[in-house]
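K.L.:
Now for the letters of each chain:
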Amino acid sequence: MEKNQNTYEIGYLLTPLIPEDKLDDNVSNLRKFIEDKHGLILMEGRPKAQKLAYSIKSFDSAHFGWVKFMANSEIINDISASFEKNDNVLRFLVIKPAKETGVVKLRDKKLIGRKKIAGVKKTEGMDEKTGIKSEEIDKKLEELLGV
Amino acid sequence: MRQCYFCTNNIKEVDYKESELLKKFLNFQSKILPREETNVCAKHQRKLARAVKRCRFLGLIPFVSR
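Protein sequence lines correspond, in order, to chains B and R. For what it's worth, this note's numbering labels the leading residue of the first sequence as 1, then goes sequentially. For what it's worth, this note's numbering labels the leading residue of the second sequence as 1, then goes sequentially.
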């Protein structure tokens, strides 16, 4: 994977003037913008007719669709510019969705450290780090001191 | 005390596309309800607020209503 590759999501509203059968052509146009800039489309939501909460460009309804893709951070401005130029797009929003594969948090790391390893039994009087019994250490010390 | 809706349903990220779910966390004026009323944890309340603002921008939920 190249550097500066990020996952982006664009939610867009298409004009309600587009008939249902021509929606796919418009969507493929939008996909083309992304693919031309070497973006890799990951997921897509087909536009659905949606009633708007307030009028946008004097339209009370629109087709709401979204596309999730992977692209270089340098070309995201070009992609959003091409969306802006498209007359069929009423409004769009570019977001960076949260990473799905999160890094292990500090709290989790602590838990992992505390976890007992299965199969290893701790015997009584055994040093945790070296694994030598304390009785053996005492014997050795006695030998050295000559008691 | 009620538990966080998103934590109990194992929802990690609040999606801006789910306008019907987001509407549950708005009052009659379409303002975002405070944490005391939503019973959502601090982490999810922040994510919820961001999702509502994104959803408002796309016209899926209103900015204000009376």
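Simulated from the structure, these hints should not be mistaken for laboratory data. Please note that the accuracy of each hint is not assured.
What the hints assert, rightly or not - Lysine-lysine pairs mimicking PhoX-like chemistry, simulated, CA-CA at most 25 Å apart: (1) R/K23 / R/K53; (2) B/K22 / B/K68; (3) R/K43 / B/K51; (4) B/K57 / R/K12; (5) R/K31 / B/K99; (6) B/K99 / B/K85; (7) R/K12 / B/K99; (8) B/K139 / B/K96.
Said to hold, decoys possible - Chain B residues, not near chain R, derived (Cβ > 12 Å throughout): (9) K32; (10) Q50; (11) K51; (12) S55; (13) D60.
Remember, predicted model here, so these are calculated numbers, not experimental data. Think of the CB as a built atom: it goes at the ideal place given N, C-alpha and C, for glycine as much as any other residue.
K.L.:
All hints, please: hold or fail.
P.N.:
Quick rundown of the hints versus the structure:
Between R/K23 and R/K53, the direct Cα distance comes to roughly 12 Å. Compliance with the 25 Å bound is thereby established for this hinted pair. With a C-alpha separation of about 22 Å, the suggested pairing of B/K22 with B/K68 holds against the 25 Å cut-off. Simply put, R/K43 and B/K51 have alpha-carbon atoms about 31 Å apart, too far for the 25 Å limit, and the pair is violated. With a C-alpha separation of about 34 Å, the suggested pair B/K57 and R/K12 falls outside the 25 Å cut-off, and the hint is violated.
Our distance criterion of 25 Å between C-alpha atoms is broken by R/K31 and B/K99, whose separation comes to about 28 Å. Of the pairs offered as hints, the one joining B/K99 and B/K85 is violated, with about 30 Å between alpha carbons and a cut-off of 25 Å exceeded. For the suggested pair R/K12 and B/K99, the alpha carbons sit about 11 Å apart, so the restraint of at most 25 Å is met. At most 25 Å may separate the alpha-carbon atoms for a hinted pair to count; B/K139 and B/K96 exceed this at roughly 65 Å.
No Cβ of chain R comes within 12 Å of the Cβ of B/K32; the nearest lies about 22 Å off, and the non-interface call holds. Taking the minimum C-beta to C-beta distance to chain R, about 7 Å, the non-interface status of B/Q50 is violated against the 12 Å cut. The claim that B/K51 lies off the interface is violated: its Cβ sits roughly 9 Å from the closest Cβ of chain R, which falls inside the 12 Å cut-off. With a closest Cβ-Cβ approach of about 8 Å to chain R, B/S55 is found to fall inside the 12 Å limit, against its non-interface label.
The beta carbon of B/D60 is not kept farther than 12 Å from every beta carbon of chain R, the shortest such distance being approximately 9 Å.
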